[in-house]
Each structure stands twice: as C-alpha cells, then as structure tokens.
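Turn these sequences into a full structure, and let the hints steer you where they fit.
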Amino acid sequence: MLGEGILKGLAVTARNFAGSFVSAERLTTVQYPEERIALIEATRDFPFLVYDGAGWEAGLRCVACQICEKECPPKCIYIEKSADKKPDYVGKPQFYPARFDIDISVCMSCQICVEVCPFEAIKMDTEFELSTEDRFAGLLFDRRRLAKPNEHYRRIHPAEAAEVDARLASEKAKADAKARAASDAAAARAAARPAKGGD
Amino acid sequence: MMETLDQVFVLLSRWLVSFLPAGWRPAAGVALGAAAIVCLFPALFALTVLLERKGLGRMQNRIGPNRVGPLGILQPVADGLKSLTKEDIVPTSADGVVHFLAPVVLVTAVFMGFAVLPMGRNMTLVRMDASLLFYFAVGASTELSIFMAGWSSRNKYSLLGAMRAVAQMISYEVPLLMSSVAVVMIAGSLSLDKIVEAQNRYTWGLPHWYIFTPWGFAGFVLFAIAATAETNRSPFDLPEGESELVAGYHTEYSGFKFALFFLGEYLGMFSVSGLGATLFLGGWSAPFSFLGWVPSWIWFFSKLLVAMCAFIWLRGTLPRLRQDQLMNFAWKFVLPLAMLNLMVAALWHFLGHGWARWVVCSAILAVSYVGMAWAEMRSKHLGPRSYRYAE
Amino acid sequence: MAVADNKTEKPEGWNRPPVMEPDGDGELLEVAMGPHHPSTHGVFRMDVALDGERVIRLKPVFGYLHRNHEKLAEGMSYLGSMPFTDRLDYICSLTNNWAYALAVEKLTGQEVPERAEYLRVILGELTRFQNHASSIGFLIQEMGASGTPLMYAFREREKILDLFEALTGARMMVNYMRFGGCRVDASAAWLDAARKVVAGLPAFTGEMDRLLSTNEILMARTQGIGVLRPELAVNAGVTGPMLRASGVNYDIRKVDGYGIYNRFNFRVPLGDHWDVYDRYMIRLLEMRESIRILEQALKDIPAGPVMDPKAKLRGFRPKPGEAYGRIEAPKGELGFYLISDGGPNPYRYRVRPPSLINLTVLEDMALGENVADVVLIFGSVDIVLGEVDR
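Residue numbers (numbering that gives the first Met the number 0), protein chains in the order written: chain A, 0 to 198; chain B, 0 to 390; chain C, 0 to 389.
Simulated from the structure, these hints should not be mistaken for laboratory data.
Note that CB positions come from ideal geometry on N, CA and C, so glycine has one too.
Accuracy of the hints is not assured; some may be wrong.
[Said to hold, decoys possible] Derived list of chain A stretches under chain C, where covered just means 3 residues or more per stretch with a C-beta under 8 angstroms from a C-beta of chain C:
{"#": "1", "segment": "63 to 74"}
{"#": "2", "segment": "94 to 103"}
{"#": "3", "segment": "110 to 120"}
{"#": "4", "segment": "143 to 154"}
As structure tokens, then:
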C-alpha cells in the first residue's frame, strides 16, 4: 500500500526520538570537554622517549642508533649522536642522543619507530590535546619535551609496560649473572696466581 | 473562574481600550490584537526553530544546540543577532526597490492571514462572513513575493529557482482549496468562526471534529500534504536543497532579509497549521467534553504545536522528491483524490445519519486510494524488489 | 548471465563513447559541480553540460587529492609504505593494508599463520560493514532527510572503530597488517567485545531496512535511475557492489578464494534492474552477509601465533620478481602490482584503485538523466577521493 514505507520510516525515527531520552544507546553525544570518553589502552598518538630512574638525561634508554630515523616513513625524526658515551641500564657504555627532534606536524602516528626500536626506548603516548598557536616551534618536540619517565609509560599502557619491564628485567638479570660469573672467574684466577707466585 | 481564564485576553483588551474615547475603541481593539499577533508569532517562530533543531537532533541520536543558554534557549537570539549583523549585499544589477520589498511583502501577507484565524472563543481578530476566502486570497500573495525575489535578483539561476518554487506552490494550492471546500460544504459557511462552532459539539463526550469522519480524515491528509508543499517543507523542499544546482530564489539575499524569508516560511507554517486545525481539528474546541474547562486558546496553540512536531518529524525522516515527481504527484494523485473527496463529502451529507454512510464513504475512499496508488506505482515500475543470490 | 560470450545480442553503440544530442536549439548550460560542493565525497569536480534539466555531457575532473603515493613508495622500504596504504581509501584502512600485504606475500611466497588469517577476515568484514553503512548513509544524505540514516550509520560505526582502536591503536589509520601476518594478537577480551558488537549489528541493518527500503520517496528517486548495463560494466572493468548490482556474478572472495574465505558460508547478492536502488540494496544485503561471515569467524578462530616467525621487519629485501595481489575491498577490486629488483625499495609500486575504475562509467550512467539525479548516481558509485587520486 502506498505510504506504508513512509509510515514504517516514521516509526523508526519516532522510536529513536523516544529512545534518546531513556537509553544511552540512542543518545551518543559526549559533551566534550566537560565529559570525556575513557581512553582505550592501546591508543596511540605521538611518540615519546622513555627514561628510567629520576634523572631524564642519565636514565634515557635511547642509544642514538638512528634506526627509527631511517625507518620513519614521513621522516619526522632528527637525531644527532653524542660524542661521548654513558652507561645504560645494564652498565654497558652507549652513545646517547645529543639532539632528538620529532616534528609532530609531520608525524603520522604509524608507530613503526616503536616497532623497530631494539632498545624499548621510544613508545607511543596518548596525549592529543596539543594545539598551540605557534605552528612551527610549538609542534617541534625536542628531547626534553619527549622524555617521560617509565612510570608514565606504566600508567598509560599498563599491559605493554609490564611486558617491557619484565623483558628488560630478565635481560638485566642475565647480564648481571654473566658479570658475576665473569668476576667470579677473574677472582678465582687472581686467587690462583698469588698462590702460584708464593711458591 | 475558568471562564475568565478562557476570556482573559478578550477582557484584557477591552479594559485597555476602555481608556480611550468610545469612537476610537473598535479600531484600537483591532490594533491591539494585531500588535499582539505581531509580537506573539515571531516569538513562537524562535521557539520552533529551537524545537526543530533539538527535535532533529534527538531523532538522530544526538543533542541539539545546548551551549547558548540553558538547554540552548538563547540559540534563536544568537541566530537573530548573527543575521542582523551580517552585511546586507544587494547586487548592483538588481532591481533595488523590488529586491527590498520582496521579504516585506512576504511577511506582511503572512501576517494578514492570521487575522481571520479563530484562536480561542471570541478571539478572532476580524470576524468575517467569508474569512476562508480572505485567507486564501492573502495566502496566494505570498507566492507573489517569491517571484519578486527571484525576478529582482537579475540572476538566471535565482529566476529559475523562483519559477520552480512558484509552480510548486500554485500546483498545491488547488488540492488545498479542494479539501477546504469539502469542509465548507458540510459546515455550510465560509466563515472560519462558524466552522469551528459547527465542530464544537459532543456526542458521548467525543467531539464532532471533521477529522473523525471518513471524508474529513482523507481531506485532512490531503490538506497536510498540500500544506507541506505550500510552505516548501521537506519532503517538498527541493527549491531550498543544498545539493541542488540552482540555489533558489533567496540566493541573492543576505543578513536580515534572509532571516525575514526564513521567518516568512515558518509563519506560513503556523498559519496553514492553524487553518488545518480550524477546518479539521475543531479549532479551539476541546477533544473531550469533560476537558471543556481548559481555556480554548490553549487547545488551539497545542494543536499548532502538534502540527509543528509533525512537520519536524517528516523533515527528519523523508528524503526529498524531485521537482517533476512533485508536480506529477500534485496533479495526478492529490488533486483527483481531493475532487473525489468533495463528492464523498456530498454523499455523506445526503446518506442520512446511520452507520451506512460511514461504511459507504470509507469504502469509496479506501478503494480509490489503493487503486490510484497501485496504478501510479505500476506505471513507473516502482515497488519493493526481491533479490537473488549467485549459485 | 553470459556476458563474456560473443553470441549475446548487444545494444546499439554499447562499445562507443557515450553521446547525447540536445533537443531544441537553446544554449547548453555548462556548470562545474565541485570541487567545493557538499555532496561530492571529497574534492571532485564534474563539468556538466545541461539542456534544460537533462545532462548532455559530463566530464569528471579529479586529481585534487593527488599525493604522489606511488612515487613515494619507490623511495621507501616496503614496510614504510604500509601506513601510506591506510590513507588510500581512508574509510577502509584495513582492507588496503590487507591487499598490500597480500601482494608482498605473493612476491616472497611467505606463509601466513591460521589465526592471522582469521583475524584478517574478521577485521576485513568489519571494515566492509562500516563502509557499506556509511555509503548508504551518505547516499540518503544527498537525497535530503537531513542526514538521519547517516547518523544511525555513524552510531554503529563508532562501535566498530572502538574495536579497531582497542586492537590496533588507531581508529582509522590502523597500519595493522604485516607481511606474514598481523602486527599484534587479539586478546580474548577483544574477541568477546567483538562478539558483542557483532551481536548488535543485525538490529541495525533491520532498522535501516525498515527506515529506507520500502520508502516510496526513496523508490521514486532511485529506481530506474542511473542504469548500468552489465556488458558495459564488465568492459569498463567495474568491480565490487556496482558490478554485482548490474547482475554480474563476480566476487573476488569467491573467485580467488584468497585467505581462508572458502571456509565460510556466505552468499553473493545480485541485482536485476542495474539502477541506483539496486546498488543501495546490494550494499544492504552484503552487510547482512558480512555479519554471517563474522559470526562464523569469531566462533572458529583458533589459537596460535599471528606472525610468520621467519618474517623480518628490517632489512626486508624480496627477491627480484613481480606480483599482483588483489582483494575484494568494500568498493571493488583493490589490487597492488609490485615489481621488485632485489633492493629494499620496490622498483614499481602500482595501486589499482576500484573507485577510479568505477568512476569511468559515470558519464554513461548520467547521460539523459535529470541534473538532480547526477548527485545520486555519483553517490551510488561510492568513491573515496583518496583512492581515486592516490
């Protein structure tokens, strides 16, 4: 019958209208900025550099290997290696970045830099309210702005951070065990030589 | 006490006018009433614009405007201020006087239509014996203003848009008139006040509104379709559609003149809803006799509000008809049914007062509607389809 | 229907460029619709010549969104091009990723673990669902109705995008498929959330169906409009829902059986009237079929790794050769043609964009139609400018 389809359509809209007063399913507005949706854990926005401990320079995990710079598709990372070295979390001397800039107006949040980093040094942050009036310097993040503590990483991506921490802890344990074994062997050799010399 | 409340505006007007010498009182009374209408209906327009945006929002699972004022109440104020402060651009080649007068003519003509609507008991601004005739005469002048707008802009596309809009409005005038004439026939008078009084009777508590008769129901539906098309509302708003090539007759208007066109359209909606309520829904009479204590003007304005909600509901649900489909629909479907409705109304009058006339009239209308609808869809090969799947 | 044989009677002029003569000797009105236009799905221009209201000539002009994707890929590693494929058909990033990963896997002969294949199917069908819902929404939006079906479609799409974000980290630019599998595994919690979302989808398609399919105004506006003959569709290389709405049974999921699609039970709907209404209904029916596939896949997904253990992330140098990998993207056949010369970057990287190929028949469909319907016909092709212009 002519008009039946129109009436069915009117019924659907009426149901949605009525439903918008009673069910959250039918009223999906979130009144930002007073209300916010809870961030999903895996969300990614722009990268940041992780540091362990209290001092951001001393604890920075990045060793300026420049792999992320090479793999970044839009080439938004700029790294300058340092001249000297500093010890990393297992005590081995490593280079560190004298300069680490990310231009977030170029970055496309693809997180390939995170995937290829061998040192768990760069991770994806979840902050998106980054608007600024200065569209050049305000969107060029230097290493001071990028460096955030491991606690921040644990807070924003708890599951990932737990995994990374476990892996790094086991690496450290292995390195420690190796170092202890080596020092035990050296001590044993040192203990053996004076005995020989004393003869 | 309820009597006083019912007549409060009438009594107020008489009291205010009593301060003047006797010779001036009738004219002053009418002037006061006119001033009241000119203040009230734009306020209703502001409310309706807000209601529309919020209503559409809710139908689309979102909140409408709610930032300006609590619940967005001041949104129309913001919109009004915006349109007042915009630059008023008049094209150099445009005909200045006509260009200026077009929105003025529109608004004036629409306001004149309100003069004859009975908004409550004894609350018609001007009582005339042929008020329906006056209403249609004045309503047709609104089409003049649209043509003035299109013509004065000296823009090929505006003119095309104006001509299409005028063609649409003229095509739908005829079914509008035809459905009203059925009411005039049965009520026996062209005066809107007498039409309301004819419906203000009750049998077992139920009113004698014309919509509760077969011809009245069909007439109301046809009137509603024609009214939607007259006021260029969805689904008949192709002249105003954004995805249209021709931007319409109000392309060359900006700022307050554009707001006046907008005002004119909504006032036209109120006016034609008021007429529909008067002709078919009993005007200011209450739906049940035991509710007769509620003031009459409350009933009239509630019916107006219900009509507004229906317009908004249609707008949120239905896509637009194309111009030629629109005209086809008017001349080949709505008009024949309106003429048939006229004959059925006459039949109703002559078939006595038993249940026979209900059955006969409903049967005729139902069969003809279904038959015509089927023929219409068949001729264009339209219809629901079933789909096959690959093997 | 046998369109490929030479014995079927073909209509006059079917293989010549379309031409329409104006009647009357009035001047033709030449209008440019776009690129700044509310209904052109992006920056796109149509140079239309009108005789009154009839379309006499229509020339599509695009390239406003050209971003040099193919040339850039020649200077970038294979992995580096993956995020750029997200931005081709930006509504359906996951299927773009899949087509590219398929092409590279063909080039190298890599194996993809079973769980990864299931995840690819699940994400691919979710993408197809939200693409068809949005496409229907936009089509009706152009018809008026103040965008109500679009809002409903976007309400469901939000749920699907939330699933994408939980798994891949991003709602639209997902960068999720890798050569040899998927980037991260889906947890049991995610699979449960996906099952819940999929359980709510049939109610949505039912709602759209009730709102739209028998609406007389919709039928009057779309039935008989923009007819695309099947032989023309096949000759022009049209693929996807547009081809199936013209009655040709060609769905790459059935023809190639890529991934594990031959394990799933689903039907391919076909249209018999070849018009805009058929295209709209085919998309609606395909949404229902996607729900069937999703239910089956979510039930049967096995445990296991999601990445080929031999796959290398860096220093990926496929042996010299060429490969063409194609999938049934929501808009048609999306194909990637790669030529490798043994280096870390591809020698030639070519995208076969379904939107562009489908757009070539726009003039044929729109000739002789009312100008008010051109926008509808264009909407029924369902293009995304990111794919047309790359």
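Checklist entry - Okay, which hints does this one fail, numbers in order? => result 2, 4
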